[in-house]
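Chemist: Using the sequences provided together with the hints, build the complete structure.
Sequence lines, in order, name chains A and B.
Our numbering puts the first residue of the first sequence at 1, with every later residue one more than the last.
Our numbering puts the first residue of the second sequence at 1, with every later residue one more than the last.
Since the hints were made in silico from the structure, they are not lab data.
Take these hints with a grain of salt, some might be off.
[As the list claims (entries may be wrong)] In silico BS3-like links for lysine-lysine, alpha-carbon gap of 30 angstroms or less: (1) A:K122 with A:K38; (2) B:K19 with A:K38; (3) A:K133 with B:K42; (4) A:K133 with B:K19.
[As the list claims (entries may be wrong)] Stretch by stretch, here's where chain B covers chain A in the computed footprint (C-beta under 8 angstroms, at least three residues): (5) 132–146; (6) 156–168.
[To be verified] Non-contacting residues of chain A with respect to chain B, defined by C-beta distances greater than 12 angstroms in every case (computed): (7) V46; (8) D71; (9) R75; (10) R77; (11) A107; (12) H110.
Ideal Cβ positions, reconstructed from N, Cα and C, are used throughout, including at glycine.
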Amino acid sequence: MSSHDEHDHDHPHEALTNSEEPAAAARVRALVDLLVEKGVVGRDDVRQRIDWLVSRSPSDGARLVARAWVDPEFRQRLLADTRAAAFELDLDPGPSPVVVALENTEAVHHMVVCTLCSCYPKALLGPPPDWYKDLPYRSRAVSEPRAVLEEFGVQLDDDVELRVVDSTADIRYLVLPRRPSGTERMTEEELAQLVTRDSMIGVATPVVPPTVRT
Amino acid sequence: MRVAARRHDGHHRTPAYLKGKHGTVTRVHSSFLNPETHAYGKDGLPEQPLYLVSFPQSNIWPEYGGGAADRLYVDVFEHWLEETE
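Modeler: Given below as structure tokens:
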């Protein structure tokens, strides 16, 4: 007889994790333990990488966008070589070798997804939102992107070409949204405040708060 | 070109929904380590050229309900692309 059979079953058995630890967290902890044990990474490497990731923010991407809105030559350089343009503003484009900016225009709207996992320009946008990593967005963004956009509050005209970009490999994509009308008198710093994370994923458009309309 | 329809049991970066579909190369990225070997602790060499390939949405989803000009852009490695006329 095992001890398992010797106690009353008036309580639920816990999963094979520490208390309330979610299964994914337990898996990550087990992976880290194993990688450390095998000498592939050190605990300090993991901590430093997490520190770096959570220190990143969409305000960096927003600075690129705002500069591109006020400086057409910078915009061209940003579209030609996004990584080099980030260095121009003393921004860290991250370890990924290639970041590509995609320009939205009156005729073309881009939105970004990673159907295979959750590839994302973390260095310039910070950690991705949970919905970006979840299956519904990852599957529907490619198969019914206009319905997804509507749920985010974006209504595209039928004659706008919608380009969904699936970042399956080594390239990280960042959307350069359109500058809203009514912002002609705003400074570059004020413009950067209008540029949201979602607008750089392509599921939102920058909107000018009524109080700052000129 | 056409995305190869072949099956691949290990890690690879070609989404199933694209296999066998016809598209157009719109941008040539540089070359990158081959994820199919690199993911298994090997060196990933030789590097494989990566392309941004564009597909009309109607080529991928026959029931697609959006705009006629809507397209999907996907990064695909060269060894998954087949030339067509």
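Chemist: Give a verdict on every hint.
Modeler: Cross-check of the supplied hints:
For the given pair, K122 of chain A sits about 28 angstroms from K38 of chain A by alpha-carbon distance, which is consistent with the 30 angstroms threshold. Proposed proximity of K19 of chain B and K38 of chain A is contradicted: the alpha carbons are some 37 angstroms apart, above 30 angstroms. A C-alpha spacing of about 27 angstroms is found between K133 of chain A and K42 of chain B, which places the hinted pair at or below 30 angstroms, so the restraint holds. With a CA separation close to 23 angstroms, the supplied pair K133 of chain A and K19 of chain B stays within the 30 angstroms bound.
Check result for the stretch 132–146 of chain A against chain B: holds, 5 residues qualifying (beta carbon to beta carbon below 8 angstroms, three or more required). Check result for the stretch 156–168 of chain A against chain B: holds, 12 residues qualifying (beta carbon to beta carbon below 8 angstroms, three or more required). At the 12 angstroms boundary, the C-beta of V46 of chain A stays outside the reach of chain B, the nearest C-beta of that chain being 19 angstroms off. No Cβ of chain B approaches the Cβ of D71 of chain A within 12 angstroms, the least distance being about 24 angstroms, so the stated non-interface status holds.
Every CB of chain B is more than 12 angstroms from the CB of R75 of chain A (nearest about 18 angstroms), matching its label as outside the interface. For R77 of chain A, the condition that its CB be more than 12 angstroms from all CB atoms of chain B holds, with the nearest at approximately 17 angstroms. Chain B draws A107 of chain A into its interface by the beta-carbon criterion, the shortest separation being 9 angstroms against a cut-off of 12 angstroms. With a closest Cβ-Cβ approach of about 8 angstroms to chain B, H110 of chain A is found to fall inside the 12 angstroms limit, against its non-interface label.
Of the numbered hints listed earlier, those contradicted by the structure are 2, 11, 12.
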